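Protein chains in written order, with the working numbering: chain A, 1 to 314; chain B, 315 to 836; chain C, 837 to 1027.
Hints in this document: simulated from the structure, not taken from any laboratory. Take these hints with a grain of salt, some might be off.
Straight-line C-alpha distance at most 30 Å; calculated DSSO-like pairs for lysine-lysine [as the list claims (entries may be wrong)]: (1) B:647 / A:55; (2) A:192 / A:113; (3) A:43 / B:647; (4) A:55 / B:499; (5) B:493 / C:841; (6) A:100 / A:186.
Computed from a predicted model, the values in this text were never measured in an experiment.
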Amino acid sequence: MIFEASDLSREVDTLFLAIIFVCGIVFFGIVAAMLYLSLKYKKDKLIDRSSPPLKNLKLELSWTLPTLLIFLIFFVWGAQLYRNSHEDQAVSQEIFVTGKQWMWKFQHPGGQKEIDELHLPVGEPVKLIMISEDVIHSFFLPDFRIKQDLLPGRYTKLIFTPNKTGTFRIYCSQYCGARHSYMLGKVIIQSKIEFDSWRESRPVWSSGSQNLNAGQKVFTKYGCNACHSIRPKDVLDENLSGPTLWNLYQSKVTLHDGKVITADENYIRESIFHPNAKVVKGFSPQMPTFEGLIPEEEMQALQTYMKSLRAGYP
Amino acid sequence: MKNYLNCDFSLKSWFFTTDHKRIGILYLISVTLAFFIGSVAAGLIRLELLTPAADLVSSETYNRLFTLHGVVMVWFFLIPAVPNVLGNFLVPLMIGAKDLAFPRLNLLSWYMYLVGGIFTFAMLVLGGVDTGWTFYTPYSTSYSNSYVILTVVGIFIAGLSSILTGLNFIVTIHRLRIKGLTWFKMPLFIWTIYGTSLILLLATPVLGMTLILIGIERVTGIGIFDPALGGDPLLFQHLFWFYSHPAVYIMILPGMGVVSEILPCFSHRPIFGYKFIAYSSVAIAILGFLVWGHHMFVSGQSAFADLAFSILSFLVAVPSAIKVFNWIATLYKGSITFSTPMLYAFAFILLFTLGGLTGLILATLAIDVHVHDTYFVIAHFHFIMVGGMVTAYLGGLHFWWPKMTGRMYPEKWGKVAAVTLFFGFVVTFMPQFFLGFLGMPRRYHVYAPEFQILHIISTCGVLILAVGFLLPLIYLTWSFRYGPGCIDNPWDAKGLEWETTSPPPTENFLTEPKVPEMAYDY
Amino acid sequence: MTTKKIDVIGMWVFLASEVCLFLGIFIAFMIYQHFNQEAFHEATLNMSFWSGTINTFILLTSSLTVALSLAFYKAKKIALSLGSLSISIFLGVIFLGIKGEEYVHHFIELTSVHTKPGIKLFYLLYFIMTGVHAFHMIIGIMVLIFVATRVYRRHYDFNDPTGLEVAGLYWHFVDVIWVFLYPLLYLGNLK
Ligand code: HEA
Ligand code: HEA
Ligand code: CUA
Ligand SMILES: [Cu+2]
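Chain A with its partners taken away, still in its complex shape (with noise of 0.2 Å):
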């Protein structure tokens, strides 16, 4: 059974169907021209023959050109859908989710952290950050029509609203390995009462955000302090040598070669894993590299910290 869990789905079925409605009058017109005309002109009619015309250009463009209309309806339709679908929007939730060979893990913001098993509220739109520890894997809701791949070394996003309650299908659909087709999951969407008190029964191991206290521990046991701040710029910390974390996500940062880039999930990652790829203006490029130092679950709670780094953080 397929569902239609959220309403991109509907959206999506609807542009389906009119596809498949355009294409299916194509297809039959073919057919009906196809029989119509080789059975009149069947060898042994007797019918007239004279002067078959061999070329028309009206003809040709008379068929060309609708086709092409056609065509750019569909594209910019289904352009316009994924736009929509893509677009990074305010979130209520921004959950990590690891691929592994060949399981699922979910971490929510709160911390709790879940395997095979997604729970989520209904109505509310959630932001899942992905990440591969192996080869590339997809996570894919046939139910809420969307699907994107998780690659190792670098975070994928995935946005979506589902709009109904109950246990939906999590597949993962990129070929990963002799286990592939065991690598499957159940999502639940629950309304904001069930959640909150499933939320609630987690085990957490400290009072408050989870994931922003690891962080915090994450943060000082590598030792990052030495040498960045945390607080806004016009607050002169003790000569640090490397720039202040306030407010960096999603602010604009300027690399010494000029370029201005966007500070997102990924170029934190970058930062942490390969200092020297970009590097600040301003700033020496003597940050060590903390590739495999830190495993990928502390990786996600320093974002989490990373993300609370900012005024009026809730």
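Position chains B and C with the ligands against the provided structure of chain A, taking the given hints into account.
Relative to chain A, chains B and C with the ligands alone:
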């Protein structure tokens, strides 16, 4: 009468021949063998999928089966099928030449194909490879513990063979046309072979390089594609599809050429819109290089790239549409006989159009996000590659069978086989569209029970399909020895290849053929 | 059509295919250069400027002598033709010798555990690119030797020495590839 078949019976005269016709026959035999290896794998895949659980084979074996199936079918069957069998046989005949431009190179191509095949076969015997025909990294470079290198070397050598074949055709078509045979008097089959050769020549080296990189990464463990080692896995996908998308047009253009020959012959009138069909072949060959990213809509490439590749994919479909419409118009005021090749041509038009239309659905961004890597894609390309190209290949084989062997095949059985094939095909692959839309991912060895009924239908279809493929194998083999002899031009067809005896003498034309006023002057 | 035309065209078509082979790897190199600018820059600093430059000079000279050999043959000066051809072959071998000497050092860099990943990537791509090129050089030298024996036996038509011309084309192509490799791999420190 001495002809190329009975001039010398020794084995040596076959294995060291430089006669393009004999090399065509050598390819015919080897390609058929490859098809049956690939088919047995397909049969086992379908049998395993009868039930949702894993009962026939283990998941390791299943993965090796579909990889073997894809690799053998694509590189050892479909890419060489029409160009190397029919193309080899017909190109010189159709342009009034004695042979290809480089006959010895042609033989070398066949040997390379053979060597590539041996490597692939060795891989199979040793235990197979489990990466899928797409070899996605880092799985293929760092995780798979199967015979990746052996396979990659096999494909690399087969690729070299393709390059040499393409080169041979291009030079031949440019230089060896008989006096008076201008470009626009050439049969359309030649135009499509020309387009195919261009792609073979320009895209295959990129595949070669990519395969070398995979091999090196596996041997040295230094990352080119594996991010853990400093590389970028998407680069592999870009390089692979930069070759493999043009390659899918290698797998359809020659089929379009065959159909463009069969239709006018059995409609007994010149083809409609010759120039449009001719130019659209070249347009497909060129535009085909610009759309590779449509295989990567959910891979994590930039949104801008997604949009660009989507619109380009729609544009590359226009020339195909032009061809379909012109073929239909060719029936108008024709004099139509429903002989076996014509049935195949009709089946080609229907199935290719269905496959192509579903290609449009895949090119639509929002929908591809849903159906990417599901059975919808599987159905799409089997419609084009099996429903389209294999059908065209069989149609061409029947059409030129009298030319190649001097014998007729049993017409009644031919028709039965064509119709069986068509229905078997639809029963096999139509359910897969539904499976795909319902969310059944591809390369799944076990699956949810809700999909079973559609899988059962599909597997039943294969049984019908198998009959449709085995019949021609049996009666054509029979006809090669015992078939009734035929006159030189049993179809009353036009084209220089019919101006000589059937089968042709070794030197092709005993007297110089006369070039007609126009192509297809029925 | 004369066979001359056919062979020469065949070679040109073949070279078109070769161009695509190298294009693929050049593009891969440039993409990685873009992502690892620091490391690649650092690595090019380590490249021996002089080996690269001398080798470029050697190859360009060998191209010239191949062209001369063709001209001499047409003028029926067999000894001179053979002489210039031998110089080309000799220069080709010298090129490979210098390359081999470089390889020894670079191989140590490549396999050393102390080398940074980005620099390793550079060396790996360097080995692939120059390796494929060197492979073409070896084929080229064998072709030239083969052609030389035929020149010696005056096998070719004096007005129209197709084999010599085709071999020359191939040799020029291999040189041109090097002319593109050289700035990419060796001239980083001029920036
Ligand atoms: C011979 C092989 C062949 C051919 C010719 C094609 C032709 C086309 N293909 Fe297909 N394709 C494959 C083989 C082929 N494909 C394979 C093997 C894969 C999967 C690889 C893998 O992942 O393993 C694939 C996958 C594939 C994808 C990626 C799917 C995914 O993985 O998510 C896409 C997406 O755009 C696509 C699109 C197209 C399009 C637009 C065409 C067009 O060229 C089709 C043009 C033809 C027509 C459109 C029909 C005729 C037109 C008319 C009659 C016009 C009238 C119509 C209207 C007015 C509506 N193909
Ligand atoms: C290029 C040509 C080509 C051809 C001709 C075919 C022909 C067929 N293919 Fe395949 N196919 C591919 C190219 C091709 N395929 C590719 C590229 C893939 C992707 C691989 C990948 O994911 O890496 C694929 C994948 C693929 C899958 C998906 C596997 C998966 O994702 O898990 C399936 C499943 O049904 C399938 C089925 C078939 C069938 C039933 C046929 C039939 O048409 C074959 C019918 C022929 C016969 C049946 C022959 C006659 C009978 C015998 C020889 C006796 C044995 C018969 C039995 C045991 C029944 N193919
Ligand atoms: Cu993970 Cu497939
Ligand atoms: Cu494609």
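Cross-check of the supplied hints:
1. B:647 / A:55: Answer holds: residue 647 (chain B) to residue 55 (chain A) is near 13 Å, not above 30 Å.
2. A:192 / A:113: 18 Å, holds
3. A:43 / B:647: 10 Å, holds
4. A:55 / B:499: 15 Å, holds
5. B:493 / C:841: Satisfied, since the Cα-Cα distance of roughly 16 Å is no more than 30 Å.
6. A:100 / A:186: Holds. Residue 100 (chain A) to residue 186 (chain A) sits at ~16 Å (cutoff 30 Å).
Violated hints for the displayed structure: none, as all numbered hints are satisfied.
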